[in-house]
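> Here is what each chain is made of, one letter per residue.
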Amino acid sequence: MNKKQCTAATKLIEILKKQGVECIFGLPGGSAIPLYDALALSDMKLVLTRHEQGATHMADGYARSSGKPGVVLVTSGPGATNTLTGVMTAMMDSVPIVVLCGQQLTSNLGLDTFQEADVSGMSYPIVKHSFLVKDPNELPSVINQAFHIANTGRPGPVIVDLPKDVTSALIDEDTTGEFTLPGYVVRKEGNLDSIKEAAAMISKAEKPILMVGHGAVISGAGQEIKAIVEKMQIPVTNTLLGKGCFPESHELNLGMPGMHGTAYANMALCECDLLVSIGARWDDRIAGSPSDFLPQAKKIHIDIDPVEINKTVQVDCSIIGDAKSVLNSLYGYLEKGNTQRWIKLIRRLKREYPLKYKKEGKLRAQHVIEEMSRLTKGEAIVTTDVGQHQMWAAQFFKTEHTRHFLSSGGAGTMGFGFPAAIGAQLANPGRIVVAVVGDGGFQMTLPELSTAVNEKLPIKILLINNRYLGMVRQWQHMFYDNRLSGVDLEGNPDFVKLAGAYGCKGFRVKRSADVRKVLGAALAYNDGPCIIDAEVEKYDNVFPMVPSGAGLDKMLLSMPRNKLEKPKGGT
Amino acid sequence: MSDFQKRHNISLYVENKPGVTIRIALVFARRGYNIESFVGSPAQDSRYSRINIEATGDSQTLHLMLEQLNRLVDVIHAREYSDEDVIQKELALIKVRCDNNSRTEILQISDAFKCRNVDISDTTMTFQVTGKSSKIDAVSKMLDKYGVLEVVRTGKLLIARGEEETSW
Ligand SMILES: Cc1ncc(C[n+]2csc(CCOP(=O)(O)OP(=O)(O)O)c2C)c(N)n1
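Residue numbers (our numbering), protein chains in the order written: chain A, 1 to 571; chain B, 1001 to 1168.
This is chain A alone, in the form it adopts within the complex (with noise of 0.2 Å):
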């Protein structure tokens, strides 16, 4: 008897839902015509995009706010390539996000047929791991490889690029989709020896602070995190990625460290004697400068990934591991030593040299970002795109739960910050989510302002209007003579009216007496996205700064009067 077949597209379908996938994002083309007419058949809800980079920060947002992958379904060729900046955003930040793509027919690829580009070839740099599916019956094996892979151990992109014929192919109804990946091991208990190294080094130190990463985030080791600080007293600072992990309103959190990170934070690492790494990697933004950076302190890092161990700066104590695990194992071996002094310390550091902005005259960035963080009160899912604005949030926004706060870190992905709150807010329907964009980068992915109104989503974009590339200009101020060069923007759109257009709603703020009033409305506004215009000063800087290359002990907490030597490092 011949057995009950069904196309590899439909199978695909399938195997999505069984991984738990609720919904998909992306834009059909000639080649994913089969995938497409599969979704057709099934109930898989479709998010239809604009744009496939959006798609991709829409599935990124999902992911980040979810913890579940985002998957993304487009056509070959120029749909295919429009991923990859969203992808490459997703491998910098480690997030889980599964790309389909179609393909020409297998017989044509190389040969310059229509729509072909050799996808998987220009992935390899930029994904956890990418495959090229041949063999129809291997389709369901790859997509769950897919799934595993891009979701377990250090979480990252995966692209499938699937050809017309592999998906349009007959395979049997039954064809299971097991494998094994011998070449791919999940490490996630640490190193019992140096799990205890480092609690004695922690029980020992007298001035120590630990830093939380995104892989903290991933791992949800919140509550991990709290108990050691709470039984240790050790005062936490986190990474732009790390917010929220640990609550930013607890009395011992230091908000985030490095180029533009609190002056206390800053102030407290160069003073500390241990700082322990939970799932940050020294990222350039921190560690400016990774052969003496904070030279006094000795290092732990706790990461999942042995790649990060002394890729930058060098540690004495490192463990390999999940930190959720790592930190669970970890408590039990700590013993409370006295930290009385330094908390002290950090307190008057937190009292002396709090962030500040001036709230008289123009309407200024932080205010409007302060309050709503204040109307919201850590509840709400922030998304931010990238320059001044994205600081200021990262300043002013305080974040109260894990998952709460998204941002292009790792890649600073202008055009991100939109689209990752639309994958947001319909993984968590209930929730607030406020997405804060620049002018700028807001007009890179504008047009999923049509996704956001047909889904009805009720985001609230905090638009940042500086009318320039503000963060460019701050830096073009400080160390170019203040020659303004191509950061003008110029022929920006009226937002108000524009909104309009797409069917969604606007407001403006021009002034500081009406920020709560005009935000206010905007959170009581639910019947789909809208634009809160908001005029805010020109010509702000975002203080504090530490110089790109430079050390955390040259911060700078305003404007210097005296020239500004060129940064030393890459940007």
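Keep in mind that the hints are not guaranteed to be accurate.
Okay, derived cross-link-like pairs now, DSSO-like style, lysine-lysine, Cα gap no bigger than 30 Å in a straight line [to be verified]:
1. A:K538 / A:K563
2. B:K1017 / A:K18
3. A:K344 / A:K204
4. B:K1135 / B:K1145
5. A:K344 / A:K554
6. A:K358 / A:K563
7. A:K17 / A:K68
8. A:K204 / A:K336
9. A:K17 / A:K188
10. B:K1017 / A:K188
11. B:K1017 / A:K68
12. A:K68 / A:K188
13. B:K1114 / B:K1141
14. A:K231 / A:K204
15. A:K568 / B:K1006
16. B:K1095 / B:K1132
17. B:K1089 / B:K1145
18. A:K17 / B:K1017
19. B:K1006 / A:K311
20. A:K134 / B:K1017
21. B:K1017 / A:K311
Just so you know, these hints were derived from the structure itself, not from any lab.
Using the hints provided, position chain B with the ligand relative to the given structure of chain A.
Below, chain B with the ligand without anything else, positioned relative to chain A:
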């Protein structure tokens, strides 16, 4: 001593799949490591391949690169061998210009190095040499004054000593 230009022997055991070579090569290229030789062939179990790479660069980067190689999904194991803890062999074909006067001398040299004569013409001789890479260097140096026309080398092959399994 600066180890900036040190040669390293790296042995990999990988899945025999399309794209493996590029993924591996990209790790080297990204860190500015120069690949001197690259040998790949199916392992006993044909689902896997063995790859031996000789490359130059500093040791600090090498350590990181090995971790990056091991991180690749298709790489089962990647490790470095020093010259001492492994048997290494290379094969080379060397083509030398010769005439009636030089032929005997050249044959004497090739004999001393246990080369095999694989081709002979009026004006050339071609030898097959096997052994450590340094031996091949020595032969071609000795033959240089007669006019070496071409040297084609396989690159280094490595195999672990005794019971130990290579690249594990
Ligand atoms: C895709 C992309 N292109 C260019 C840059 C470089 N860049 C970093 S910040 C920035 C300015 C962003 O301007 P805007 O979105 O208006 O935000 P602001 O800094 O004014 O808050 C630019 C151009 C980038 N990060 N990403």
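> Work down the list of hints and note, for each, if the structure agrees.
Going down the list of hints, with the structure as the test:
1. A:K538 / A:K563: holds, 21 Å
2. B:K1017 / A:K18: holds, 27 Å
3. A:K344 / A:K204: holds, 18 Å
4. B:K1135 / B:K1145: holds, 17 Å
5. A:K344 / A:K554: holds, 24 Å
6. A:K358 / A:K563: Holds. K358 of chain A to K563 of chain A sits at ~24 Å (cutoff 30 Å).
7. A:K17 / A:K68: holds, 13 Å
8. A:K204 / A:K336: Roughly 9 Å separates the two Cα atoms, so the pair holds.
9. A:K17 / A:K188: holds, 27 Å
10. B:K1017 / A:K188: holds, 27 Å
11. B:K1017 / A:K68: Answer holds: K1017 of chain B to K68 of chain A is near 28 Å, not above 30 Å.
12. A:K68 / A:K188: Distance of about 19 Å is within 30 Å: holds.
13. B:K1114 / B:K1141: holds, 15 Å
14. A:K231 / A:K204: It holds: about 14 Å lies between the C-alpha atoms, which stays within 30 Å.
15. A:K568 / B:K1006: Roughly 29 Å between the alpha carbons, so the hint for K568 of chain A and K1006 of chain B holds.
16. B:K1095 / B:K1132: holds, 19 Å
17. B:K1089 / B:K1145: Between K1089 of chain B and K1145 of chain B the Cα gap is close to 25 Å, so the pair holds against 30 Å.
18. A:K17 / B:K1017: Distance of about 28 Å is within 30 Å: holds.
19. B:K1006 / A:K311: holds, 19 Å
20. A:K134 / B:K1017: Since the Cα atoms of K134 of chain A and K1017 of chain B sit roughly 12 Å apart, the hinted pair holds (cutoff 30 Å).
21. B:K1017 / A:K311: holds, 29 Å
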